[in-house]
Amino acid sequence: MTAKNRHNEAGLSDDQVLDMYYYMNLARKLDERMWLLNRAGKIPFVISCQGQEAAQVGAAFALEKGKDYTLPYYRDMGVVLVMGMTARDMMLSAFAKAEDPNSGGRQMPGHFGSRKHNIVTGSSPVTTQVPHAVGVALAATMQGKNVVAYTSFGEGSSNQGDFHEGANFAGVHKLPVIFFCENNKYAISVPLKKQLACESVADRAIGYGFPGVKIDGNDPIDVYRAMKEAVDRARRGEGPTLIEAMTYRLVPHSSDDDDRSYRSREEVEEAKKNDPILRFRNYLMEQGILDEEKDQQLLTRIQSEVDEATEYAENAPYPEPESALKHVYGS
Amino acid sequence: MTAKNRHNEAGLSDDQVLDMYYYMNLARKLDERMWLLNRAGKIPFVISCQGQEAAQVGAAFALEKGKDYTLPYYRDMGVVLVMGMTARDMMLSAFAKAEDPNSGGRQMPGHFGSRKHNIVTGSSPVTTQVPHAVGVALAATMQGKNVVAYTSFGEGSSNQGDFHEGANFAGVHKLPVIFFCENNKYAISVPLKKQLACESVADRAIGYGFPGVKIDGNDPIDVYRAMKEAVDRARRGEGPTLIEAMTYRLVPHSSDDDDRSYRSREEVEEAKKNDPILRFRNYLMEQGILDEEKDQQLLTRIQSEVDEATEYAENAPYPEPESALKHVYGS
Amino acid sequence: MAVISYIDAVTMALREEMQRDKNVFVLGEDVGVRGGVFRATNGLIEEFGEERVIDTPLAESAIAGVAVGAAAYGMRPVAEIQFADFIMPAVNQIVSEAAKFRYRSNNDWHCPLVVRAPYGGGVHGALYHSQSVEAMFNSVPGLKIVAPSTPYDVKGLLKAAIRDDDPVLFFEHKRCYRLIKGEVPEEDYTIPIGKADVKKEGSDITVISYGLMLHYALQAAEELEKEGISAHVLDLRTLYPLDKEAIVEAAVKTGKVLIIHEDNKEGGIGGEVSAIIAEECLFELDAPIRRLCGPDIPAMPYSPPLEKFFMLNPEKIKAAMKDLAEF
Amino acid sequence: MAVISYIDAVTMALREEMQRDKNVFVLGEDVGVRGGVFRATNGLIEEFGEERVIDTPLAESAIAGVAVGAAAYGMRPVAEIQFADFIMPAVNQIVSEAAKFRYRSNNDWHCPLVVRAPYGGGVHGALYHSQSVEAMFNSVPGLKIVAPSTPYDVKGLLKAAIRDDDPVLFFEHKRCYRLIKGEVPEEDYTIPIGKADVKKEGSDITVISYGLMLHYALQAAEELEKEGISAHVLDLRTLYPLDKEAIVEAAVKTGKVLIIHEDNKEGGIGGEVSAIIAEECLFELDAPIRRLCGPDIPAMPYSPPLEKFFMLNPEKIKAAMKDLAEF
Ligand SMILES: Cc1ncc(C[n+]2csc(CCOP(=O)(O)OP(=O)(O)O)c2C)c(N)n1
Ligand SMILES: Cc1ncc(C[n+]2csc(CCOP(=O)(O)OP(=O)(O)O)c2C)c(N)n1
Ligand SMILES: [Mg+2]
Ligand SMILES: [Mg+2]
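Chains as they are written, first to last, in the numbering used here: chain A, 168 to 498; chain B, 168 to 498; chain C, 1100 to 1426; chain D, 1100 to 1426.
It is worth saying that the hints were derived from the structure and are not from the lab.
It is possible that some hints are incorrect.
Stated by the list, open to error - Label-pair restraints from in silico Cβ distances:
| hint | chain 1 | residue 1 | chain 2 | residue 2 | range |
| --- | --- | --- | --- | --- | --- |
| 1 | D | LYS1280 | B | ASP425 | 20 to 30 Å |
| 2 | A | PRO488 | D | PHE1426 | 41 to 51 Å |
| 3 | B | SER431 | D | ASP1422 | 56 to 66 Å |
| 4 | D | ASN1206 | B | LEU359 | 24 to 34 Å |
What the hints assert, rightly or not - SDA-like, lysine to any residue: derived pairs with alpha carbons at most 25 Å apart:
| hint | chain 1 | residue 1 | chain 2 | residue 2 |
| --- | --- | --- | --- | --- |
| 5 | C | LYS1407 | A | LYS360 |
| 6 | D | LYS1343 | A | TYR496 |
| 7 | A | LYS381 | B | GLY376 |
| 8 | A | LYS381 | A | GLU481 |
| 9 | B | LYS312 | C | ASN1122 |
| 10 | D | LYS1407 | C | HIS1223 |
| 11 | D | LYS1121 | A | THR308 |
| 12 | A | LYS232 | D | PHE1147 |
| 13 | B | LYS234 | C | ARG1151 |
| 14 | A | LYS360 | B | SER498 |
| 15 | A | LYS360 | B | ARG400 |
| 16 | A | LYS361 | C | GLY1142 |
| 17 | A | LYS360 | B | PRO378 |
| 18 | A | LYS264 | C | HIS1223 |
| 19 | A | LYS264 | A | GLU481 |
| 20 | B | LYS360 | D | PHE1147 |
| 21 | A | LYS283 | D | ASN1122 |
| 22 | D | LYS1121 | D | LYS1258 |
| 23 | A | LYS361 | B | ASN313 |
| 24 | C | LYS1121 | B | GLU459 |
| 25 | B | LYS381 | A | GLY376 |
| 26 | B | LYS361 | D | VAL1132 |
It should be emphasised that the depicted structure is a prediction, and the values quoted were computed from it without experimental measurement.
Just so you know, even glycine gets a beta-carbon here, dropped at the ideal spot from N, CA and C.
Generate the whole structure from the sequences, applying the supplied hints.
Here it is as structure tokens:
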């Protein structure tokens, strides 16, 4: 075989990369299904991970399940699936059903949260999770736990004051936080050049006294390598890292968006050629880890998982109207 | 004469540097007088420029009076004096008298503002003036004026979200703004290492796509040179510059502060040896521009200016109580 | 007179003011080529160019703060906050800065700034795209808060806000955007900020409301007419400072007052309205001053039954009006 | 029982709670070696070290946001905002995040966070070191707002706030810090959040207030006793959610209600208090519900005559009480 084995080099076994491939596809298929359900009028809203699965899954694989904390942003379906959420959980949230573990149907899909999985509840105002991640890292450190806090956000959101204030706090206290920026080139309709004047979001790290790295977010192995290094630094008490994963949003911002007004079809088609799932698939095939048959089996398995999850969620009960009054305060 | 002439090299005439020296001393003497008045129970509050006069005067000399805009922070007495405010104006504000041009006695001293002098009204919450400066630069540019907006803030205040958001906006739109950070090593009691993890506040500029320079804030000529360059860049439409002027606050944070709890007397004494006014005085003497006699004349002149201003302000009337109801809204 | 939608009245007012005064410009997230996520700025960038229709970086405090600076310089910025829920990061710039510019400078500086923000629910917006945030700002002297209910009022009040020399928060009910249509003159006109408006004359009970709820109240009032109950309906239009005279006049008219808003009850605008009445004309009342509002929960949940539970509707309002009439 | 000052009660409560629970820690600007600009955290860094007494960078949104994250993890952070006026940059973290953590996660997460902030005027603090900001937060379900007036209440309520499993805004009147002294038990005790307290029994008029004004009202009441006017004085203590029962009970007691606060009138806490009375017991009133408050201007100016003009005092309050009694 010609192509060199990059995943073992990065410390990933063949099984692990197959696992990664599974999660990337699961996220993609769930996302695609949600769009169909939305267009069919069955769910009111979708916000997508499509195009960012490699960044998300690659990043999550470097974290320790059940130990580390994640404070993901709304596109991070790939992250929360790896951290333990299920297809069913995703669909329960999409259908806003009572059983939705994220919010009991109170929040839109993409607003992840699960104490069981150390996923801190997220909201809509962008970047508020960044100081939260710093607080989690501070608290864990105070309690002598060797926990790493991962938080993600888009490149547009890196312009919020909370990014700056949170990153600076983490830098001063050398906290085990990983600031993971998923740069998909747009903030809804606003392109990079109208969001940022810097070469790279990663350039901002020096202003906080910790390293910033820019990586190819379409390559889960490259993402994993950078994340692993950041996680190791954090565990050694050497402080935060800012990672900028270069990706592309393959679909509109959300089911309410129409991206034709701000980017050309050619641009989108061009980006699809670089679809992280296709690229990874080719790599795995080159490596002889995956073949057409295995791939088919995996996709069929995912297909039925998505079907099952959809059916379950669609038939699950809504919350009781009066339950809206619950949990404003603790007892 | 041995010492080389640095001010002509920087484009400053002998008269100009003498002028600088005058303003530095005027600011210092007004400040010292305010402390005496405060200790004598005649004015409720003082916030000082002592130790930062070189940075302030050096910076202001690079601006064009009556054309450029300043959005100074509370220590910038040196800046507003150069831009046209008088000793009297300063004392009227210290005594909170009706005639105070900054606020008619409504705000504490140090909250500068004067439409006549293009000094945009300032407030107490730190760093809010930074986005304002960006807005002034944006507006002036829209109106085709070749105006530069100067705004200053402390190093602690550079941790506020508004610094980040304002700087990024200015970078994206390549606006003629100069972000002038007066790094005096403390934010009230909090030392640099607890405020910032970066080597230098100037390092933050790269994250916004414009240059950041760190300079000796105790040398007005060095400050002028850096400012001049930044002003020229701005006028040429090349966008913002971040300047970090290294200084030291020679007195407590304010008349309400007691700095013995957070820094040693030795440290303060050490810093006084590097007092920008003494240093500049020596330089001017070496250059033969200043001698003991001239110096005495200048100080006597300032002395009487301060006396006159104090006496005028002390005897000036307070605002009418009911005037507190005025100017909530325009007619 | 053309019948247009509430959101088209927003766009019309913006376009006319930008044509009228070159110092007027809009800035915000996605207001440019996208024309705003609700399309309120649709077509403006084509007509006025990207210098006057600025897609800003994603940073509300900068949107407000840069607008404050530009306003101080002499421009008339109209800043769009994409959803009222996202005004929170800009609170410091709005409350500490814009609202106090004139006062703190003893009238030397002022800040002619408009902050537009779509608010309110009933659009499956969930907790963070449905909020009513007006009550956070109705204790801030220096600010004005406008919340129109009809396309006619939208055009007249938005123009007045843009020409106002002080900062105005202009809250647009996003459910009204396409639901509410009405006659709007092509001509230029303004409506004075600070004046409430009687939307229906009546003699049995007085309903005081604004925004989407005002329309629900009018629907309920219409049905109640058939049942012989005549409701007097006042549209506050300006939420701060309140039009005390109009409120007292409306209360005295019938002596029975029901205040209605979508926002939650405790701390809502209705409390101040009630307090004004209880202070100015208590002895002219024939019934306790009632308030019908959203429940005191953090915000409107996403799940349809929960959203429905939160939102008032014509039925709930009709029942409350009837109950008061029968008091 | 020792007589201590209002601020010493703050310090005492903090120290005792930090001794009692190692998850309690304080963070804020200058809270460490400086012991806070008002000295409220005096001595804590010496006793508990800089891990639990954290001098933060100058960034309020981070102070609140980091505290939210730490609270979610299981700590009990007590964040100090140096002056209530500077809470504005933290509004998004407090209102969008802390207040909604429990609700939005359907009770999976919660946020036991206390935000302490000195508020109020009469200290030559000028526009930005004198503000009362409580009215910006009394429409935010999920939050609790506490504003004690006595050292005894300070200790009991601050301890209750720290042990509370939800976010509490704890507003300390800075003029009370050294002016107000009172008996405070050495023992551990808490006072339930959400309960108002009758500070003086009376029969002619009811005064409802909190903070520094409560003391001025008590002074005025004392003098009025000599003139044969008996005032019933209720201290709200918790400003959100309000203790409706206690408010109604106090109003009914005399039928004549005067609500007093330092904050400006329109949109202030007094509006909600009045509305509760007007809704619950209107027919038991013998006089309009009056409010005596600060003027509706942006904030308290610096110049002594202007500050004096803004601030209520025992004289102004006495006159208003007398006027109501004679109604
Ligand atoms: C404070 C705030 N302002 C505005 C919005 C509306 N909004 C939601 S997503 C988004 C764009 C985010 O862009 P980016 O950070 O690049 O993330 P992406 O969606 O591209 O992954 C905006 C403006 C919001 N959610 N929060
Ligand atoms: C938003 C805000 N938070 C807190 C304060 C209180 N405060 C006033 S000055 C100051 C320290 C400022 O330090 P730095 O920015 O370094 O400026 P310096 O005073 O050292 O020149 C603080 C915390 C404030 N004015 N505004
Ligand atoms: Mg993006
Ligand atoms: Mg400093």
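Each hint tested on the structure:
no., hint, result
1, D:LYS1280 with B:ASP425: 20 to 30 Å, "holds, 23 Å"
2, A:PRO488 with D:PHE1426: 41 to 51 Å, "holds, 46 Å"
3, B:SER431 with D:ASP1422: 56 to 66 Å, "holds, 59 Å"
4, D:ASN1206 with B:LEU359: 24 to 34 Å, "violated, 43 Å"
5, C:LYS1407 with A:LYS360, "violated, 42 Å"
6, D:LYS1343 with A:TYR496, "holds, 17 Å"
7, A:LYS381 with B:GLY376, "holds, 16 Å"
8, A:LYS381 with A:GLU481, "violated, 41 Å"
9, B:LYS312 with C:ASN1122, "holds, 14 Å"
10, D:LYS1407 with C:HIS1223, "violated, 50 Å"
11, D:LYS1121 with A:THR308, "holds, 13 Å"
12, A:LYS232 with D:PHE1147, "violated, 33 Å"
13, B:LYS234 with C:ARG1151, "holds, 23 Å"
14, A:LYS360 with B:SER498, "violated, 42 Å"
15, A:LYS360 with B:ARG400, "holds, 21 Å"
16, A:LYS361 with C:GLY1142, "holds, 19 Å"
17, A:LYS360 with B:PRO378, "holds, 18 Å"
18, A:LYS264 with C:HIS1223, "holds, 14 Å"
19, A:LYS264 with A:GLU481, "holds, 8 Å"
20, B:LYS360 with D:PHE1147, "holds, 20 Å"
21, A:LYS283 with D:ASN1122, "holds, 21 Å"
22, D:LYS1121 with D:LYS1258, "holds, 14 Å"
23, A:LYS361 with B:ASN313, "holds, 23 Å"
24, C:LYS1121 with B:GLU459, "violated, 57 Å"
25, B:LYS381 with A:GLY376, "holds, 16 Å"
26, B:LYS361 with D:VAL1132, "holds, 12 Å"
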